[in-house]
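These are the residues of each chain, in order.
Protein chains: 2
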Amino acid sequence: MGSQKPDRRGFLKGGAALAGGLTLGATEPAFGQLPHPHRYIKGTDDLVAYGGRSSFVTSVRIAHPPDNRPSPDAFGLVFHVAAPLQDSVGMITPSSLHFIGTTRGSFVPDIDPREHRLMFHGLVDRPLVFTMEDLKRLPSVTRPHFIECAGNRSSPSHRTVQETHGMTSCAEWTGVLLSTLLKETGVKAAGKWIVAEGVEEVKGASSIPMEKAMDDCIVAYGMNGEAIRPQNGFPLRLLVPGFEGIFNSKYLRRIKVVDRYYMTYNDYGHLDRDPKVAALGYQIGPKSVITFPSGGQQLTDRGFYEVSGLAWSGGGAISRVEVSTDGGRRWADAEIQGTAYRMAHTRFRFQWNWDGNEAELLSRCTDEIGQVQPTRSQVAAYFGAPEGRPFGVPGQDNSVQPWRIASDGSVHNAIT
Amino acid sequence: MGSQKPDRRGFLKGGAALAGGLTLGATEPAFGQLPHPHRYIKGTDDLVAYGGRSSFVTSVRIAHPPDNRPSPDAFGLVFHVAAPLQDSVGMITPSSLHFIGTTRGSFVPDIDPREHRLMFHGLVDRPLVFTMEDLKRLPSVTRPHFIECAGNRSSPSHRTVQETHGMTSCAEWTGVLLSTLLKETGVKAAGKWIVAEGVEEVKGASSIPMEKAMDDCIVAYGMNGEAIRPQNGFPLRLLVPGFEGIFNSKYLRRIKVVDRYYMTYNDYGHLDRDPKVAALGYQIGPKSVITFPSGGQQLTDRGFYEVSGLAWSGGGAISRVEVSTDGGRRWADAEIQGTAYRMAHTRFRFQWNWDGNEAELLSRCTDEIGQVQPTRSQVAAYFGAPEGRPFGVPGQDNSVQPWRIASDGSVHNAIT
Numbered sequence: 001m002g003s004q005k006p007d008r009r010g011f012l013k014g015g016a017a018l019a020g021g022l023t024l025g026a027t028e029p030a031f032g033q034l035p036h037p038h039r040y041i042k043g044t045d046d047l048v049a050y051g052g053r054s055s056f057v058t059s060v061r062i063a064h065p066p067d068n069r070p071s072p073d074a075f076g077l078v079f080h081v082a083a084p085l086q087d088s089v090g091m092i093t094p095s096s097l098h099f100i101g102t103t104r105g106s107f108v109p110d111i112d113p114r115e116h117r118l119m120f121h122g123l124v125d126r127p128l129v130f131t132m133e134d135l136k137r138l139p140s141v142t143r144p145h146f147i148e149c150a151g152n153r154s155s156p157s158h159r160t161v162q163e164t165h166g167m168t169s170c171a172e173w174t175g176v177l178l179s180t181l182l183k184e185t186g187v188k189a190a191g192k193w194i195v196a197e198g199v200e201e202v203k204g205a206s207s208i209p210m211e212k213a214m215d216d217c218i219v220a221y222g223m224n225g226e227a228i229r230p231q232n233g234f235p236l237r238l239l240v241p242g243f244e245g246i247f248n249s250k251y252l253r254r255i256k257v258v259d260r261y262y263m264t265y266n267d268y269g270h271l272d273r274d275p276k277v278a279a280l281g282y283q284i285g286p287k288s289v290i291t292f293p294s295g296g297q298q299l300t301d302r303g304f305y306e307v308s309g310l311a312w313s314g315g316g317a318i319s320r321v322e323v324s325t326d327g328g329r330r331w332a333d334a335e336i337q338g339t340a341y342r343m344a345h346t347r348f349r350f351q352w353n354w355d356g357n358e359a360e361l362l363s364r365c366t367d368e369i370g371q372v373q374p375t376r377s378q379v380a381a382y383f384g385a386p387e388g389r390p391f392g393v394p395g396q397d398n399s400v401q402p403w404r405i406a407s408d409g410s411v412h413n414a415i416t
Numbered sequence: 001m002g003s004q005k006p007d008r009r010g011f012l013k014g015g016a017a018l019a020g021g022l023t024l025g026a027t028e029p030a031f032g033q034l035p036h037p038h039r040y041i042k043g044t045d046d047l048v049a050y051g052g053r054s055s056f057v058t059s060v061r062i063a064h065p066p067d068n069r070p071s072p073d074a075f076g077l078v079f080h081v082a083a084p085l086q087d088s089v090g091m092i093t094p095s096s097l098h099f100i101g102t103t104r105g106s107f108v109p110d111i112d113p114r115e116h117r118l119m120f121h122g123l124v125d126r127p128l129v130f131t132m133e134d135l136k137r138l139p140s141v142t143r144p145h146f147i148e149c150a151g152n153r154s155s156p157s158h159r160t161v162q163e164t165h166g167m168t169s170c171a172e173w174t175g176v177l178l179s180t181l182l183k184e185t186g187v188k189a190a191g192k193w194i195v196a197e198g199v200e201e202v203k204g205a206s207s208i209p210m211e212k213a214m215d216d217c218i219v220a221y222g223m224n225g226e227a228i229r230p231q232n233g234f235p236l237r238l239l240v241p242g243f244e245g246i247f248n249s250k251y252l253r254r255i256k257v258v259d260r261y262y263m264t265y266n267d268y269g270h271l272d273r274d275p276k277v278a279a280l281g282y283q284i285g286p287k288s289v290i291t292f293p294s295g296g297q298q299l300t301d302r303g304f305y306e307v308s309g310l311a312w313s314g315g316g317a318i319s320r321v322e323v324s325t326d327g328g329r330r331w332a333d334a335e336i337q338g339t340a341y342r343m344a345h346t347r348f349r350f351q352w353n354w355d356g357n358e359a360e361l362l363s364r365c366t367d368e369i370g371q372v373q374p375t376r377s378q379v380a381a382y383f384g385a386p387e388g389r390p391f392g393v394p395g396q397d398n399s400v401q402p403w404r405i406a407s408d409g410s411v412h413n414a415i416t
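Chains as they are written, first to last, in this note's numbering: chain B, 1 to 416; chain P, 1 to 416.
In case anyone wonders, no lab produced these hints; they're calculated from the structure. A quick note: this is a predicted structure, and the numbers were derived from the prediction, not measured. Among the clues, some could well be false.
No copy is singled out in the list; a pair is fine if it fits within one copy or between any two copies.
[Unchecked claim] The calculated SDA-like cross-link candidates involving lysine to any residue, where the alpha carbons are at most 25 angstroms apart (straight line), are: (1) Lys183 <-> Arg159; (2) Lys183 <-> Asp326; (3) Lys136 <-> Gly52; (4) Lys42 <-> Arg117; (5) Lys188 <-> Ala414; (6) Lys188 <-> Thr58; (7) Lys212 <-> Ala406; (8) Lys212 <-> Thr339; (9) Lys188 <-> Glu358; (10) Lys42 <-> Ser59; (11) Lys136 <-> Thr58; (12) Lys42 <-> Gly52; (13) Lys42 <-> Val372.
Chain B on its own, in the form it takes in the complex (with noise of 0.2 angstroms):
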């Protein structure tokens, strides 16, 4: 079943990897045999002043699910957008591709950021407004943060890991601490609450308790080493590291300190009898997918492949991914590249060879707090949904994702 343990030195040195499983020129190419190209991108002072990327390169972001375009004029053209996980490398997803959740559609507000103001008000000692020139003038951080929407969820209709588990994405986000802010407009001994509020017309707020409030919850600006895109809140977004995707409320205009929870539009997926379901959507689990190989790609050849996916938790940094190649019998750990954040996509690499038997691929993730990512069983027995069958329940499902590689080489979702 191919190498369980990940050995970088010595194993492609041996040779046997490499030169069974590559397509290499194993002679000498003749001096000057490369192709050589003769077209050229003419240069024009529009790229020149923003580059664009190649015509070869056809990433894109689909509708999420396939199939939910409302009606063009009342909604826009879609609901929620899925980011190509498949085609993801390194940590960040690139701005132009990150996923989109929204409850307006695809009409994204156009604000013009001299006009933009944040508000202040409620139980504070000092209301404030805030113009963006302000915010910018204050002490900011700059930290790589995952958001993921609680909707995103594998079925046994999705192929692609896109359709999976697209709606998480991760940012480079830049920043003041609303903490910062906070303490500017003092807090009253009764706020023990905040809601914030963006400029959407349904407003995208919901509760968000004082201590987390004044933790490590960002006011930003930046995204990715500019300003946020208007599908991602431009000018001024909330970020509520780890919290689910609908916290973080884009076009944020407004915060008021409240002394309770606040009933909003947006709790309508958190209210439930079942206390368990209920709490769910506050701290997103510890979740990681293999985004290579997944879902609807094809190993050419047997031999030599780096298995890579994405990990992430809602409780802190990632501290351990483990892989199985064997359909979660035996598992190996992977590789962390780098530094793994808190509340940030980390990417992990394990090294496999494939022998061109049928084989089932998963990832788990240890977040730093000790959680484990659940099987899919345990997911179902937790919200007490018949075996094997747990998505569709309200909350977060955070369960393993299997792939299936058949014999052929092509990938499979693997979940029934």
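With chain B held as given, fit chain P onto it using these hints.
Okay, now just chain P, sitting in the frame of chain B:
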């Protein structure tokens, strides 16, 4: 001259800085007073697939130097293109705004990745040719690295930080370590150097010592989470972390292992009878620059400002950044954001109360091997150039950049 000691806590809470310096709504605004935009960006299939930025965000690259625009027929529109560092936030330069250095102009090779090949030959045990698909199966790494053009230097005619320092950028690069590939080809005992060649007509090659090739060079296909952009070498670029930009060959097609330093077109900048000058090209020295406030920007009124900038070094990670607000008489430590990566831009921040008087802001950095960014007169003395006029000499100028704040809040390049 303002606080020299960064002290995030208490600084704002004290109230004086913010209340005195920012234009804030001091009384509670009426509920509903905040503007509510009625404009929307209409969703289109194009924007769902691959998003764009707000029309209110107009930060762009510029030709470098601004008047360097050869004939469009001969070389495309421009020779070099500088990044708008004055608008930068965080560590990452967006790929659309990453600086471009080219010996060919703005006509960019338009390469079909299915046809592209990377050949290893010369003093190797086993000459090999890799397709892009081959390379993507191999063990990979993701690392943030800056690339800087050796011509990146401030002159008295430069007004903005884009003009003085815009020929450096930082991206999250993903690819295969060059050492992984060289271990696979094997290197003969006589193989002490490599020459890398790209597809450009003027090939962008220079000799690299084998010690560096086997250390941390990356054959990169990913940039900021997606494929490398055409202007930065799609589909394959050699990253030579910390070496001057011209070593980082774009459109990488061939690596030859050789026994000695080979002269190429690119060595025009490295040839000098003075060995101090001739040797400069390899390793970028420790360098930093304040990006806010910087030349051409405007402070609106006295009070609190976060001073922010970037530091980087070819010698390794940045270990310390100091800021002076009085022309270099007194220095205080700035805060370094998050993890300082080796050979990567590192964001620094410094809390400052502007008292409304003229001021001169400078930053200087120290790297992990103890190198300290030199003053302008130190660089001048090193080159034997007249005091105060070091620019224009061959090799790198990594001297401290001063910005003068006039009493009207306007910011100016203070070098003479």
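Index of numbered hints that the structure contradicts, given in increasing order | Hint check: 1, 2, 5, 6, 7, 9 and 13 fail, others pass.
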